[in-house]
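Each chain is listed here by its residues.
Number of protein chains: 2
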Amino acid sequence: MNAMDKKVPLRPQDDLADALAGDMAAVNVLIRERMASKHAPRIPEVTAHLVEAGGKRLRPMLTLAAARICGYTGDHHIKLAATVEFIHTATLLHDDVVDESSQRRGRPTANLLWDNKSSVLVGDYLFSRSFQLMVETGTLRVLDILANASATIAEGEVLQLTAAQDLKTDEAIYLQVVRGKTAALFAAACEVGAVIAGAPEDQVRAFYNYGDALGIAFQIADDLLDYSGTSAQIGKNIGDDFRERKVTLPMIKAVAKATPEQRAFWTRVIEKGDQRDGDLDHAMMLLTETGGLQAARDEAFVWAEKARQALTVLPDHPLRQTLSDLADYVVSRIN
Amino acid sequence: MNAMDKKVPLRPQDDLADALAGDMAAVNVLIRERMASKHAPRIPEVTAHLVEAGGKRLRPMLTLAAARICGYTGDHHIKLAATVEFIHTATLLHDDVVDESSQRRGRPTANLLWDNKSSVLVGDYLFSRSFQLMVETGTLRVLDILANASATIAEGEVLQLTAAQDLKTDEAIYLQVVRGKTAALFAAACEVGAVIAGAPEDQVRAFYNYGDALGIAFQIADDLLDYSGTSAQIGKNIGDDFRERKVTLPMIKAVAKATPEQRAFWTRVIEKGDQRDGDLDHAMMLLTETGGLQAARDEAFVWAEKARQALTVLPDHPLRQTLSDLADYVVSRIN
Numbered sequence: 031m032n033a034m035d036k037k038v039p040l041r042p043q044d045d046l047a048d049a050l051a052g053d054m055a056a057v058n059v060l061i062r063e064r065m066a067s068k069h070a071p072r073i074p075e076v077t078a079h080l081v082e083a084g085g086k087r088l089r090p091m092l093t094l095a096a097a098r099i100c101g102y103t104g105d106h107h108i109k110l111a112a113t114v115e116f117i118h119t120a121t122l123l124h125d126d127v128v129d130e131s132s133q134r135r136g137r138p139t140a141n142l143l144w145d146n147k148s149s150v151l152v153g154d155y156l157f158s159r160s161f162q163l164m165v166e167t168g169t170l171r172v173l174d175i176l177a178n179a180s181a182t183i184a185e186g187e188v189l190q191l192t193a194a195q196d197l198k199t200d201e202a203i204y205l206q207v208v209r210g211k212t213a214a215l216f217a218a219a220c221e222v223g224a225v226i227a228g229a230p231e232d233q234v235r236a237f238y239n240y241g242d243a244l245g246i247a248f249q250i251a252d253d254l255l256d257y258s259g260t261s262a263q264i265g266k267n268i269g270d271d272f273r274e275r276k277v278t279l280p281m282i283k284a285v286a287k288a289t290p291e292q293r294a295f296w297t298r299v300i301e302k303g304d305q306r307d308g309d310l311d312h313a314m315m316l317l318t319e320t321g322g323l324q325a326a327r328d329e330a331f332v333w334a335e336k337a338r339q340a341l342t343v344l345p346d347h348p349l350r351q352t353l354s355d356l357a358d359y360v361v362s363r364i365n
Numbered sequence: 031m032n033a034m035d036k037k038v039p040l041r042p043q044d045d046l047a048d049a050l051a052g053d054m055a056a057v058n059v060l061i062r063e064r065m066a067s068k069h070a071p072r073i074p075e076v077t078a079h080l081v082e083a084g085g086k087r088l089r090p091m092l093t094l095a096a097a098r099i100c101g102y103t104g105d106h107h108i109k110l111a112a113t114v115e116f117i118h119t120a121t122l123l124h125d126d127v128v129d130e131s132s133q134r135r136g137r138p139t140a141n142l143l144w145d146n147k148s149s150v151l152v153g154d155y156l157f158s159r160s161f162q163l164m165v166e167t168g169t170l171r172v173l174d175i176l177a178n179a180s181a182t183i184a185e186g187e188v189l190q191l192t193a194a195q196d197l198k199t200d201e202a203i204y205l206q207v208v209r210g211k212t213a214a215l216f217a218a219a220c221e222v223g224a225v226i227a228g229a230p231e232d233q234v235r236a237f238y239n240y241g242d243a244l245g246i247a248f249q250i251a252d253d254l255l256d257y258s259g260t261s262a263q264i265g266k267n268i269g270d271d272f273r274e275r276k277v278t279l280p281m282i283k284a285v286a287k288a289t290p291e292q293r294a295f296w297t298r299v300i301e302k303g304d305q306r307d308g309d310l311d312h313a314m315m316l317l318t319e320t321g322g323l324q325a326a327r328d329e330a331f332v333w334a335e336k337a338r339q340a341l342t343v344l345p346d347h348p349l350r351q352t353l354s355d356l357a358d359y360v361v362s363r364i365n
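Residue numbers (this note's numbering), protein chains in the order written: chain P, 31 to 365; chain H, 31 to 365.
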């Protein structure tokens, strides 16, 4: 049997993309239509750079999948999926300014290609456009969910700003940051799909819980890969969080068990920012020896299991299994 | 008669503040309540710096006045007024990042006191909070108006970015920028006050037109004062727009009538940014001699008159006269 005959197992997000191809095509048309600006050509230039860069479009697919599983037959889910992607793109533009990033999805960031000003203002424009799109669905509850998610995102980002370089950051603060930067939009993306379908309350709640747990599992896995992945896997360099003095879950767990000597090390490299040759290797050793990496890994699996469990109250549907597989997939990267 | 006995004539915005004192107190309570963040103390710190700096609160007063004139007796106008002030504050935070400003309302800006990151993210937070507040009013039409205003604001800001340092900027582009940076929120602030009061369509339209024209008159006057005011009047230095190579209405009018030699001057100082001693004085002379300043002044008065005219269809109410006086006042500064 040669490689051509071998069935390459699809990743769950590829299954989702296949199953939702028609809807996603409509979402992409709407995105291109609405990112235009009659008056300011800079807007579609900047947005196209990011939108066309080939992100996974995972968040809009969650909205579409939730609507489908709940038996929705209308077309507002297309608008909501585009809304969710616009909010996501707006936060990426602002994140790159805040993080002073120069690379995103393997390409130079908008703030590098144009300037910080354009990234801030085009982000604001996309956020306003997302807001217009959701108003068009005429459903106040959807607006409420997405307004709350937006506030949680911004709050989490500010919290991350003040929590960085601070070893007092504990697991509760970390969880709040993770909900802001990742889980809030995952949860809202799922929830609005169920709401627009008029699903019963227990299903709406289940979708919220699924998205929330999936987002948390995803972000913990991402933070772990920063210490244990490969550059190809994470699209950036190993140890970037360490160098940027970001306090993530493995470190929080390691610091909680640190000896006075180890604590002095963490204080020097993270709080004082005095990093020397060999420090990253030493940090990796401490993260392993104190069980910080393993404990964080265990926690990611707990959240993936919560995500799968949340799906059990939902109606039987092929996409339900795909979402369950997706929860497995996000943590399979750290297995 | 000594100074104590002499009645000091109130400015119209002081009349508004007196007439709406009870409502404004409720708006201020709501603003302080909603700018809080359980999780991220940086947020109220940054916001308080700006919100408590004693801005004129003109935009929320427009919302309250419109609701009152239309006979509103509920309390959603308080939420909408706070919404409008939050949107305004969010745009100020982002503007200061974009303009790299160091002073606002006579105090150091948030981006200087904290950093650009905090200004971007706290701006996002306030924008999300404004969105939550307006959702609470449960009125889709209000959401539609404010979503559209937000998009116009962001679009105008991006347009300003690309129009700066470009002598091809014409009056149509200038008007679009001015609508974005000032008039869109003035118009929306007025319009939502009338909508929440359930006013008939012609009154809603009248309030939109009043706010739009007032905002345009206000911004043209501001741009004129940059060349003809005093530092005390404008809270910054004369000629800042010139030094920042911003193309505003007096210059657009002057460039349209420029001789080839004058055009070369504008190209050098604005497009090439090669500014030398005496250039500002020469620019002022050209703005005067070509009639650019006078033509811009005339246009500001035309917009103020449009604002006053828009009010004529409204019901008789003491605040209607105050709004009319306000239109006179914004251009009286350039008389």
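Any given hint could be a false lead.
Copies of the same chain are indistinguishable here, so a pair counts whether it falls within one copy or spans any two.
In silico lysine-lysine, DSBU-like type, Cα no more than 35 Å apart, as pairs [unchecked claim]:
no.: 1; residue 1: Lys68; residue 2: Lys211
no.: 2; residue 1: Lys302; residue 2: Lys68
no.: 3; residue 1: Lys68; residue 2: Lys86
no.: 4; residue 1: Lys68; residue 2: Lys198
no.: 5; residue 1: Lys302; residue 2: Lys211
no.: 6; residue 1: Lys68; residue 2: Lys336
no.: 7; residue 1: Lys86; residue 2: Lys287
no.: 8; residue 1: Lys68; residue 2: Lys276
no.: 9; residue 1: Lys336; residue 2: Lys287
no.: 10; residue 1: Lys336; residue 2: Lys302
no.: 11; residue 1: Lys287; residue 2: Lys68
no.: 12; residue 1: Lys276; residue 2: Lys198
no.: 13; residue 1: Lys198; residue 2: Lys211
None of these hints come from the bench; they were simulated from the model.
Verification of the hints:
no.: 1; hint: Lys68 / Lys211; result: both (32 Å within a copy, 17 Å between copies)
no.: 2; hint: Lys302 / Lys68; result: between (49 Å within a copy, 27 Å between copies)
no.: 3; hint: Lys68 / Lys86; result: both (28 Å within a copy, 33 Å between copies)
no.: 4; hint: Lys68 / Lys198; result: between (49 Å within a copy, 17 Å between copies)
no.: 5; hint: Lys302 / Lys211; result: within (25 Å within a copy, 42 Å between copies)
no.: 6; hint: Lys68 / Lys336; result: between (46 Å within a copy, 26 Å between copies)
no.: 7; hint: Lys86 / Lys287; result: neither (37 Å within a copy, 53 Å between copies)
no.: 8; hint: Lys68 / Lys276; result: between (41 Å within a copy, 22 Å between copies)
no.: 9; hint: Lys336 / Lys287; result: within (27 Å within a copy, 70 Å between copies)
no.: 10; hint: Lys336 / Lys302; result: neither (37 Å within a copy, 60 Å between copies)
no.: 11; hint: Lys287 / Lys68; result: between (57 Å within a copy, 28 Å between copies)
no.: 12; hint: Lys276 / Lys198; result: within (12 Å within a copy, 46 Å between copies)
no.: 13; hint: Lys198 / Lys211; result: within (20 Å within a copy, 41 Å between copies)
This entry does not satisfy hints 7, 10, going by the numbered hints stated previously.
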